[in-house]
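Enquirer: So the protein lines, in turn, are chains X and C. So the first sequence is numbered by this note's numbering: it starts at 1 and just counts up by one. So the second sequence is numbered by this note's numbering: it starts at 128 and just counts up by one.
Take the hints with a grain of salt, since some may be wrong.
What the hints assert, rightly or not - Short, incomplete list of chain X residues facing chain C, as computed with Cβ under 7 Å:
id	residue
1	G27
2	V29
3	D52
4	M54
5	I72
6	L74
7	T103
The hints are simulated quantities; they were obtained by calculation from the structure and are not laboratory data. Just so it is clear, CB atoms sit at the ideal spot from N, CA and C, and this is done for glycine as well.
There are 2 protein chains.
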Amino acid sequence: MMNLLGPVTIREELDKLKEHWSPRVIGKVNNQYIKVAKVQGELVWHKHDDEDEMFLIVYGQLLIQMEDRDDIKLGPGEFYVVPRGVMHNPIAEQECGLVLIETVTTKHTGDTESPLTRSIEEQEGLR
Amino acid sequence: MMNLLGPVTIREELDKLKEHWSPRVIGKVNNQYIKVAKVQGELVWHKHDDEDEMFLIVYGQLLIQMEDRDDIKLGPGEFYVVPRGVMHNPIAEQECGLVLIETVTTKHTGDTESPLTRSIEEQEGLR
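Construct all of the structure, not just a fragment, from the sequences and the given hints.
Expert: Structure representation (structure tokens):
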């Protein structure tokens, strides 16, 4: 569960993750969740109609393909905010550890249901 | 000014800062600004009545003193969210580079005016 009481060490939270593409909430600032995720391979093309999504890379490399604009390549210490409404598809050739910041209501595969879709309850181990 | 078009490299944005305690906006996700700041010494005791404030350390160490609760010590890769309404005072013995995430309306010294108070316009070099 989320630690609201003390410092959060991002790398330790990443190390706890066992599955790829299964973000875990590690904090909350105002109406935004801070999440960590380990990703490898390709997620799925999707968009979030009303919500921007921030990707901050901790280790590895992430390619974000987007509809109607250039791909974005991100490495450690770099971030990009995918604007609301833009179809996007994150891809990691090798394992990549990242921080996601997004509105508490955001589903990680947006309006696209996929075998990789996880609810917050599943992500939090609540079911 | 803010770069909304490509990847943002946090360390490069920190390197551009000349003054301590003068946060600079480097991104926006939903209603939150992503800012970088170089800090050294002590800011001022203050609070934000309606807004949480996230401190993520890039280099150095930050001590966050808070009213009615234990101090928080943060190092690189660690973050803490100061809850809304809590009086706090960030202190860095040596220079510390950090990322702040806070609501677009948040003033960095909260409801306390100090010689270190900067408006977003000043921070952005707009005046």
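Enquirer: The hint names M54/X as touching chain C; please verify it with the least Cβ-Cβ distance against 7 Å.
Expert: With a minimum Cβ separation of about 4 Å from chain C (threshold 7 Å), the hint on M54/X holds.
Enquirer: The hint names T103/X as touching chain C; please verify it with the least Cβ-Cβ distance against 7 Å.
Expert: With a minimum Cβ separation of about 5 Å from chain C (threshold 7 Å), the hint on T103/X holds.
Enquirer: Quick one, is the G27/X hint okay against chain C at 7 Å, beta carbons?
Expert: At about 6 Å, which falls below the 7 Å cut-off, the nearest Cβ of chain C leaves the hint on G27/X intact, so it holds.
Enquirer: Please verify that hint: L74/X, Cβ, nearest Cβ of chain C, below 7 Å or not.
Expert: holds (5 Å)
Enquirer: Just to be careful: measuring from the Cβ of V29/X to every Cβ in chain C, is the smallest value less than 7 Å?
Expert: holds (4 Å)
Enquirer: Quick check on I72/X please, does its C-beta sit within 7 Å of some C-beta on chain C?
Expert: holds (6 Å)
Enquirer: Hold the hint about D52/X up to the distance rule: shortest CB distance to chain C must be less than 7 Å.
Expert: holds (5 Å)
When the structure is compared with the earlier hints, no violation turns up for any of them.
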